[in-house]
Amino acid sequence: MANPETLKDHIKETALFSRRIVAAVVVIVLLLGILLARMVYLQVIDHQHYTTLSQNNRVSVLPIAPPRGLIFDRNGIVLAQNQPSFTLELVPEKIDDLQQTLARLAEIIRIEPSDLARFHKLRKRRSAFKAVPLRFRLNEEEVARFSARGHLFPGVEIQARLTRQYPQGALAVHALGYVGRISEEELQSLDSSNYRGTTHIGKTGIEKYYEDQLHGTVGFRRVETSAQGRIIRVLEEQPPVPGLNLYLELDARVQAVAEAALGERRGAVVAIDTRTGGVIALASMPGFDPNPFVNGIDSKAYARLANSREQPLFNRAIRGRYPPGSTIKPLIGLAALEYGVVRRDTRIHCPGWYTLPNDDHRYRDWKKTGHGLMSLRGAIRESCDVYFYDLARQLGIDRFHEYLSRFGLGQRTGIDLFGETRGLLPSREWKRRVKGEAWYPGETLITGIGQGFNLASPLQLAEATATLANGGVRYRPRLAHYFQDQRSGDIRYLAPQESGRVPVDNPDNWRYIIDTMKDVVHNLRGTAHRIARGARYTIAGKTGTAQVFGIKQDEEYVQEDVELHLRDHALFIAFAPIEAPRIAVAVIVENGGSGGGVAAPIARKVLDQFLLGENS
Amino acid sequence: MIAQPGKLRPLGDRRPNDNLTSVFSNLHIDWPLLAALGILMGIGLLILYSASGQDWATMQRQGVRLVVAWLVLIVVAQIAPRHLAFWTPWFYGIGLVLLLAVLLFGDVGKGAQRWLDLGLFRFQPSEMMKLAVPMMVAWYLSEKALPPSLARIGVSLLIITAPALLIAKQPDLGTAILVASAGIFVLLLTGISWRLIGGFVALLAAAAPVVWFYLMRDYQRQRVLTFLNPESDPLGAGYHIIQSKIAIGSGGLYGKGWLNGTQSQLDFLPERSTDFIFAVFAEEFGLIGIIALLAIYLAIVLRGLHIASLAQDSYTRLLAGSLTLTFLVYVFVNIGMVSGLLPVVGVPLPLVSYGGTSIVTLMAAFGILMSIQTHRKLLQS
Numbered sequence: 000m001a002n003p004e005t006l007k008d009h010i011k012e013t014a015l016f017s018r019r020i021v022a023a024v025v026v027i028v029l030l031l032g033i034l035l036a037r038m039v040y041l042q043v044i045d046h047q048h049y050t051t052l053s054q055n056n057r058v059s060v061l062p063i064a065p066p067r068g069l070i071f072d073r074n075g076i077v078l079a080q081n082q083p084s085f086t087l088e089l090v091p092e093k094i095d096d097l098q099q100t101l102a103r104l105a106e107i108i109r110i111e112p113s114d115l116a117r118f119h120k121l122r123k124r125r126s127a128f129k130a131v132p133l134r135f136r137l138n139e140e141e142v143a144r145f146s147a148r149g150h151l152f153p154g155v156e157i158q159a160r161l162t163r164q165y166p167q168g169a170l171a172v173h174a175l176g177y178v179g180r181i182s183e184e185e186l187q188s189l190d191s192s193n194y195r196g197t198t199h200i201g202k203t204g205i206e207k208y209y210e211d212q213l214h215g216t217v218g219f220r221r222v223e224t225s226a227q228g229r230i231i232r233v234l235e236e237q238p239p240v241p242g243l244n245l246y247l248e249l250d251a252r253v254q255a256v257a258e259a260a261l262g263e264r265r266g267a268v269v270a271i272d273t274r275t276g277g278v279i280a281l282a283s284m285p286g287f288d289p290n291p292f293v294n295g296i297d298s299k300a301y302a303r304l305a306n307s308r309e310q311p312l313f314n315r316a317i318r319g320r321y322p323p324g325s326t327i328k329p330l331i332g333l334a335a336l337e338y339g340v341v342r343r344d345t346r347i348h349c350p351g352w353y354t355l356p357n358d359d360h361r362y363r364d365w366k367k368t369g370h371g372l373m374s375l376r377g378a379i380r381e382s383c384d385v386y387f388y389d390l391a392r393q394l395g396i397d398r399f400h401e402y403l404s405r406f407g408l409g410q411r412t413g414i415d416l417f418g419e420t421r422g423l424l425p426s427r428e429w430k431r432r433v434k435g436e437a438w439y440p441g442e443t444l445i446t447g448i449g450q451g452f453n454l455a456s457p458l459q460l461a462e463a464t465a466t467l468a469n470g471g472v473r474y475r476p477r478l479a480h481y482f483q484d485q486r487s488g489d490i491r492y493l494a495p496q497e498s499g500r501v502p503v504d505n506p507d508n509w510r511y512i513i514d515t516m517k518d519v520v521h522n523l524r525g526t527a528h529r530i531a532r533g534a535r536y537t538i539a540g541k542t543g544t545a546q547v548f549g550i551k552q553d554e555e556y557v558q559e560d561v562e563l564h565l566r567d568h569a570l571f572i573a574f575a576p577i578e579a580p581r582i583a584v585a586v587i588v589e590n591g592g593s594g595g596g597v598a599a600p601i602a603r604k605v606l607d608q609f610l611l612g613e614n615s
Numbered sequence: 000m001i002a003q004p005g006k007l008r009p010l011g012d013r014r015p016n017d018n019l020t021s022v023f024s025n026l027h028i029d030w031p032l033l034a035a036l037g038i039l040m041g042i043g044l045l046i047l048y049s050a051s052g053q054d055w056a057t058m059q060r061q062g063v064r065l066v067v068a069w070l071v072l073i074v075v076a077q078i079a080p081r082h083l084a085f086w087t088p089w090f091y092g093i094g095l096v097l098l099l100a101v102l103l104f105g106d107v108g109k110g111a112q113r114w115l116d117l118g119l120f121r122f123q124p125s126e127m128m129k130l131a132v133p134m135m136v137a138w139y140l141s142e143k144a145l146p147p148s149l150a151r152i153g154v155s156l157l158i159i160t161a162p163a164l165l166i167a168k169q170p171d172l173g174t175a176i177l178v179a180s181a182g183i184f185v186l187l188l189t190g191i192s193w194r195l196i197g198g199f200v201a202l203l204a205a206a207a208p209v210v211w212f213y214l215m216r217d218y219q220r221q222r223v224l225t226f227l228n229p230e231s232d233p234l235g236a237g238y239h240i241i242q243s244k245i246a247i248g249s250g251g252l253y254g255k256g257w258l259n260g261t262q263s264q265l266d267f268l269p270e271r272s273t274d275f276i277f278a279v280f281a282e283e284f285g286l287i288g289i290i291a292l293l294a295i296y297l298a299i300v301l302r303g304l305h306i307a308s309l310a311q312d313s314y315t316r317l318l319a320g321s322l323t324l325t326f327l328v329y330v331f332v333n334i335g336m337v338s339g340l341l342p343v344v345g346v347p348l349p350l351v352s353y354g355g356t357s358i359v360t361l362m363a364a365f366g367i368l369m370s371i372q373t374h375r376k377l378l379q380s
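Going down the list, the sequences are from chains A and B.
Okay, so the first sequence: first residue is 0 according to numbering that gives the first Met the number 0, each after it adds one.
Okay, so the second sequence: first residue is 0 according to numbering that gives the first Met the number 0, each after it adds one.
By construction, these hints were calculated from the structure, which means they are not laboratory data.
None of these values were measured; they are calculated from a predicted model.
Hints are supplied without guarantee of correctness; some may be wrong.
Lysine to aspartate or glutamate pairs mimicking DMTMM-like chemistry, simulated, CA-CA at most 20 Å apart [as the list claims (entries may be wrong)]:
1. B/Lys143 x B/Asp312
2. B/Lys143 x A/Glu12
3. A/Lys11 x B/Glu142
4. A/Lys123 x B/Asp54
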């Protein structure tokens, strides 16, 4: 049986709904009325005005793309420029016999079947009075050949456009990046009116990071066209504002030395101006030539690069995550001194291995026979692991994390490039969050020699070294130095940005640690003493050798027995001159083996080039 | 009592010739609506032929889309409203999850991300929400007596704003507006008091600055600024509006004739196959043509409201009304923006503009309307 109340509601609801429908109809009629009124206004009242406009609508506005800013190194060497590139274009309407013209053109200019196919495809889509490109990137000889006979080809012309070109080829490609054609997706979020006329945009590196400054502002040209749309004359022209020229902190010569020193090996070198944070060199090898990317690299060549085991497209300098190994020992030593965990004269006996109480696991030293009685100075100089196992145990993971994060480890440096890694500075909190496990005491020991969970990019290591050299002042690493207006010549400097300060408890501790790093290079027992030979300035350094895979408790690591890609990474950090530091450098050679033997000599060449201007 | 019509009729009563007739009468189609939609699409194809520069490839692609859209309409029309109601929360829930998926798993690049790649085909969950939101609000509100309590209005607003914000974040302001208005129409049709509606409008006005500063992207703000002063940007979006006004205005009373619009044929008018196709129509067919076009739109809307007013329960009534009114919003926003009354927010001219997704969604909506209309008749017998 129906409930009378629901029934009443039902009737009430229906009535209410009907009233709303009536209201809706009123609104609909109103809205359509507004539209109709608007149409009457445009089409009847203002009809004459718009008819005149339409008839005079022979005025088109054509965009003029601004020339992109150039990129220079700190000495004014050109790293990225704009080169005229020549395109052969045909206006079908002006050509009587297209087949014959194409055949005669083929006699003086190389025309591939693919060029012809594209030409015919484009031709069908465009009005007959508009130019259709036939060949791109003519060489100078072809341009000359055509120019001599141009009068024989009515309706055929050569158009010059500016294309981005990287005269140094692969040099510093991971810092510089490259431009490429604007993709559909980029088009969506661009300022469409400023990019009208622009075909290319920064895709990676500096070219992408400073896209706004490099691009400039579009200009336009108001032209009168005939009724069919042909351009008759230019009525008004507003020239584009060229993009700003960019001068980098990067030193192309130092960069070239760094890349040559890495040679065929996989690895990275980052050199930083300790006084400003300016990035002097940012090398990641192997690299690649960016020029083919500008107008679209062919898919086979791209696949070769993308699938190569050497990973040339990967920017090791800012994205590579490597165990820092012994290169973090100076920082740990400093932490221990500043927290008062050890004194400068604390000595420990190193038998070649270390055990925790109540645990028979042996943590080994790289030197099987042990180092004997070691001071902190000796432990850094000779890179004694046992000393640092003990030191790390006393320091504990919490203070380790606190102190090293002040040097920027585990955080992005804020360099003016996209995609840098944070690296990884482990902590209790991190392990609980990511692994869901408690922190084990043994892990503290491994962390204390830069192994275990520790991961850092070459850029982070270079920045931390610069901070150590600066007595705790941290600068944000930066590739860009200043912008210059192409027309007025006005210069806009980017002031160095301090990104933090490590508090100094006792300056003697800092001096002491730096002195031990001097020993690494300048003492005959130091792990990198071979690079001191002939040095005309003082170097503070630290070697590192990072394990790529673990070896079992009773196995021995013999380099020759291990496959190449499992061999240890070789690392070296350094700054110089010690008395008045100017440059800090971090070197990583993947599977390079020995830090002192392989990575340190590379750093020496970089330091020489920057400090002495020598090509060794 | 709900009877199944086929079972009511004695078997012996069937005449031989009845087979074909019964197929048609059992096919749940509303013939007047079908006729109006067909005429509209015919006009659409005619004007697309002109706008595309007599390009047969474009016509073929659009033809395929229209066929797909008709199939969708016919299939949807066969689904009984009670089944629609049953699946409504699922439909809405899945749509919401997919919207989140688009935001999370779509390419995190700078551009707008609206598509979800399902391997075989790409899919735009925001389109699905154009149907799911009004269905969900109607389903939720029809559970209890109408007009709804304040609390239920609040929940409804939540149902509406969650997907609308997700879509606006993609960013796709045009679709977000359509989805939100579809939901709000349901609320308005439930008969909530005019005082409440007034308060709501005041609230919206207050929220406008928030939308401007936090929800809108730079390019969207730019569009509004350009709308206010088209001459400030003669190269960019302002160019669109200037050129389309010239096209419409120069069309005059009778138009320049089919294929004879100088604005559109000479490449002055941008996006003339898609969002700005109305300007081509106005230029070539003039005010007379526009009156005819608006009359067809009005006929479709009135038929839709007629179906809504005949519907027998709150769910179908609210749903039919909302879908119909949203259709009108499409028309108003598109023509408004093309003629310079409203800012440019990528909304196509429904069933006329070139492009697939919106047509399929719209035809699915009309499928729902037909289902509501034809299943009602069965219930009565």
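Against the structure, the hints come out as follows:
1. B/Lys143 x B/Asp312: Satisfied, since the Cα-Cα distance of roughly 12 Å is no more than 20 Å.
2. B/Lys143 x A/Glu12: Roughly 11 Å between the alpha carbons, so the hint for B/Lys143 and A/Glu12 holds.
3. A/Lys11 x B/Glu142: Holds, because 16 Å separates the two Cα atoms, which is no more than 20 Å.
4. A/Lys123 x B/Asp54: Roughly 10 Å between the alpha carbons, so the hint for A/Lys123 and B/Asp54 holds.
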